[in-house]
Amino acid sequence: MDQLQNYLFIAAILFSLGLMAVITRRNGVAVLMGIELILNAANINLVAFARFGGMNYSGQIFALFVIVLAAAEAAVALAIVINIFNNYSSINVDEVSQLKQ
Amino acid sequence: MAEITFWFIAILTIVSAVMVVYGQKLLNSAIALLFTLFGVAGLYVFLWADFLAGVQVVVYIGGILILIIFGIMLTNRITTVHISHSSIQRGYGGIVVVGLMGFLGWMIVRTPWIQEHSAEPDQTVATIGKLILTDYLMPFEVASILLLGALIGAATLSRAEE
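As given, the protein sequences belong to chains A and B, one line each in that order.
Counting in the numbering used here, the first sequence runs from 1 upward without gaps.
Counting in the numbering used here, the second sequence runs from 102 upward without gaps.
Bound-form chain A, shown alone:
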């Protein structure tokens, strides 16, 4: 609990799992969930380094902006996913390979 390494290990595991979801999942929404996991892992690292680097607030503010970016990214990505579903009737990312039908 007072060891930097514990937090880094948790973040590394979360990052690996998020990458696994991005690589292997076929559903576009599941890929988005993987991206959220990766962003959370990055945020844990930022806040952990801020806490163990002499309580520096820059890390926390950076994490705050990452959360803002994640919200914007989720909104736009889901709009794109819904458009893909309207055009292809499927959001499996390996089937969506054409720019124009």
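Bear in mind the hints are in silico, worked out from the structure with no lab data behind them.
Here a beta-carbon is modelled for each residue, glycine too, at the ideal position from N, C-alpha and C.
Wrong hints could be hidden among the right ones.
[What the hints assert, rightly or not] Computed footprint of chain B on chain A; a stretch qualifies when at least three of its residues, placed anywhere within it, have a C-beta under 8 Å from a C-beta of chain B:
#, segment
1, 5-15
2, 20-32
3, 44-57
4, 62-69
5, 72-84
[As the list claims (entries may be wrong)] Covered stretches of chain B (chain A as the covering partner; in silico rule of three or more C-beta atoms under 8 Å from a C-beta of chain A):
#, segment
6, 125-137
7, 140-152
8, 198-207
Starting from the structure of chain A, add chain B where the hints point.
Coordinates of chain B only, in the frame set by chain A:
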């Protein structure tokens, strides 16, 4: 007691993240993501970032997760009760991810981290608020323009065509 709580939150985070990646139904993955996000908020509390923990709960769980569940509902027909989702290239993906995990773990163990011990602050909200309106005013304004752009963009993209 705090130690037990920390490890409980850590295990909750990781187990639910595994369920996000390996869940059989898409909706189960989304519900597991809820517990992962809660676990990360708990870790923020242990890292003395109380304001960030609140933001995590409000924005991620109250906003992004709801958006993801809306996405699941809108991209599947109502008649498909069991929205299952499959995976591809599990073997190769597993090799890459386990290799990356091993590399990161090796690096974390090998690096001599320097830890500064500082006093725990009473609360972080006042300091963060002051910093946002002084040192980080420019990124704050840019973030507001970005959110406006994302709002208009998402509304335009998802609107049904005439």
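With a Cβ-Cβ cutoff of 8 Å, does the segment 44-57 of chain A contain at least three residues near chain B?
Answer holds; 10 residues pass the 8 Å Cβ test.
Between the segment 62-69 of chain A and chain B, see if three or more residues pass the 8 Å beta-carbon test, and mark the coverage as holds or violated.
holds (count 6)
Between the segment 198-207 of chain B and chain A, see if three or more residues pass the 8 Å beta-carbon test, and mark the coverage as holds or violated.
holds (count 6)
Verify the coverage statement for the segment 72-84 of chain A against chain B, using a C-beta to C-beta distance below 8 Å and requiring 3 or more qualifying residues.
Holds, because 11 residues of the segment 72-84 of chain A bring their Cβ atoms closer than 8 Å to Cβ atoms of chain B.
Count the residues of the segment 20-32 of chain A whose Cβ falls closer than 8 Å to any Cβ of chain B, and tell me whether that reaches three.
Coverage by chain B holds for the segment 20-32 of chain A (11 residues, Cβ < 8 Å).
Closer than 8 Å, Cβ to Cβ, for at least three residues: run that test on the segment 125-137 of chain B against chain A and report holds or violated.
holds (count 5)
Three or more residues of the segment 5-15 of chain A near chain B by CB distance under 8 Å?
holds (count 10)
Check whether three or more residues of the segment 140-152 of chain B sit with their beta carbon closer than 8 Å to a beta carbon of chain A.
Holds: 8 residues of the segment 140-152 of chain B have a Cβ under 8 Å from chain A.
Taken one by one, the earlier hints all hold for this structure without exception.
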